[in-house]
Amino acid sequence: MIQLILSLLVGFVLVLSLYFFVRRARPSAEGSAKQLREARQTLDSLQYGLLPSDLTERLFSRADLEYVLSAAPPDVQSLFLTDRKNIALGWVRRVRTAVLALMRFHRGHARLHARLTFSTEMRLALNFSALLMTCRLLQITFYLRGPYAAPGMVRTAAAAAGRVCSISEKSLAFLNVKGVGPLENDAAHHRA
Amino acid sequence: MEILAQVVGYTGLSVEVLILFRSIQRKMFAKYSIFYTYLLTVLGVGLFLQIAYTATPSLYVLLYWPLQFVTMALGCGVIVEMSRHVFAQHVSLDRFVRWVAIATFGAIFLVFAIHVVFLPHWKPAANPAELERNLRIGQAIALMTIVFLTGYYGIEIGKNMKGLILGFGVYVGASIISLTLRLFIGIRFSPIWKQVGPFSYMTALLIWAVALWSYAPAPEVSSEPAEEDYRGLAGRTRQVLGTIQEQLNRTPQR
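Just so you know, the sequences run in chain order A and B.
Numbering-wise (our numbering), the first sequence opens with residue 732 and increments by one.
Numbering-wise (our numbering), the second sequence opens with residue 217 and increments by one.
Warning: the hint list may mix true and false statements.
[As the list claims (entries may be wrong)] Derived DEER-like restraints, expressed as beta-carbon distance ranges:
# : chain 1 : residue 1 : chain 2 : residue 2 : range
1 : A       : M853      : B       : A432      : 30 to 40 Å
2 : A       : I818      : B       : A319      : 49 to 59 Å
3 : B       : K243      : A       : L735      : 42 to 52 Å
[As the list claims (entries may be wrong)] Derived coverage of chain B by chain A (criterion: at least 3 residues anywhere in the stretch with Cβ under 8 Å from a Cβ of chain A; other residues may be distant):
# : region
4 : 304-314
5 : 363-373
6 : 385-391
Worth flagging that the hints you see were computed from the coordinates, not collected in a lab.
Virtual Cβ for every residue (Gly too), placed ideally from N, Cα, C.
Next up, chain A with everything else stripped away, as it sits in the complex:
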């Protein structure tokens, strides 16, 4: 019976994969200047737009909550919590989108390498999946328990911003392909 199920499963998975294979959209040209620029913008967006300490501190500050709870009527409190929840959800969504874009860029770039190793690719795929899942978990946490369900977010984000900045600087090196000029890393352009 197991053999029957496995054989049928292989047959149906093949047919299903062919369906998606036919429907697949035409991929963009790998390594094109546009794609490189977009990847760099994604990194900049993470670095300067989504993870800086001032933004996350402001976003998840309990001081705002305490002020509203002590000074505002219940309907304003409710409105405040709803707004903050939407902002927090939007923030995670954007981080997730940026990670997905980075993942796409990595795949588009990696396929051109002759010495691509599958164990490394598998590990990276797992890392990307774990990160995307973490984003999903954060989304669920914010959705169910509100934006203040994670009280230490401000300090963590502040520390993270510094580390991400330095690592992003290194990661930007792989975007420095001949013919693509450096972009302005103006934080003001990337504010969330």
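Fit chain B to the known structure of chain A by using the hints.
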């Protein structure tokens, strides 16, 4: 039903001749040599079996499965050729698909050889459908690897190869499902099984005829890879990922 099967059979032969004719007319035979050899063999085997069926039915019964295995073995070669064309500009991926194909086909043939050598009561002629199904599963795994890798890495495929993969996939998928059901349901499923094979092959032939009407190679990769090596790229991507992961993991706990 008999007449319909004959119509499908003769139409199939005509489409095979048409595809081969176009390959010579458009000078494509050398470009997809294994595929056209496979098609030529299928055509030859089909004609031979048809003649044998009318002249000496006992010869038809005797030769049906051995000839079927010859075409199936060539089918495995077609998948290797597909990989070579699809990943022509992606050496590592081609190597990986070849490795998967060789491993799966090798494992199936090895199991078959072990059965023949070590199990004296096991007769290949008595279990041909099982062996065919196993080989088709091997082909399906190799095909799915190609389809998955092209999707994962966003590799663009030319019209010829897209049609070859689709046609072959439809035929292999239908064969696996029908052979499995025939093995488990038994003789009651035979009437359906006898129709599924020719119809799915006919569908594959029509897809191939459209896809191989003219030569359409895979689009050229527009840019060269960055100067630095892959390890550097992978290492840095992993580093970025690790840091972001670390931050996000800590965030909800504080």
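Notebook entry, point to check: Okay, the region 385-391 of chain B and chain A, do three or more residues pass the C-beta test at under 8 Å?
Noted result: It holds: at least three residues are needed, and the region 385-391 of chain B offers 5 whose Cβ sits within less than 8 Å of chain A.
Note to self: Quick check: do three or more residues in the region 304-314 of chain B have a beta carbon closer than 8 Å to a beta carbon of chain A?
What the structure shows: holds (count 6)
Check: For the pair K243(B) and L735(A), does the Cβ-Cβ distance stay inside 42 to 52 Å?
Finding: 46 Å, holds
Next item on the list: With 30 to 40 Å as the target window, see if M853(A) and A432(B) comply at their CB atoms.
Entry: 33 Å, holds
Notebook entry, point to check: Do the beta carbons of I818(A) and A319(B) sit within 49 to 59 Å of each other?
Noted result: 51 Å, holds
Note to self: Please check whether the region 363-373 of chain B has three or more residues whose CB lies within less than 8 Å of a CB on chain A.
What the structure shows: Result for this restraint: holds, n = 9.
The structure is consistent with each of the numbered hints, conforming to all of them.
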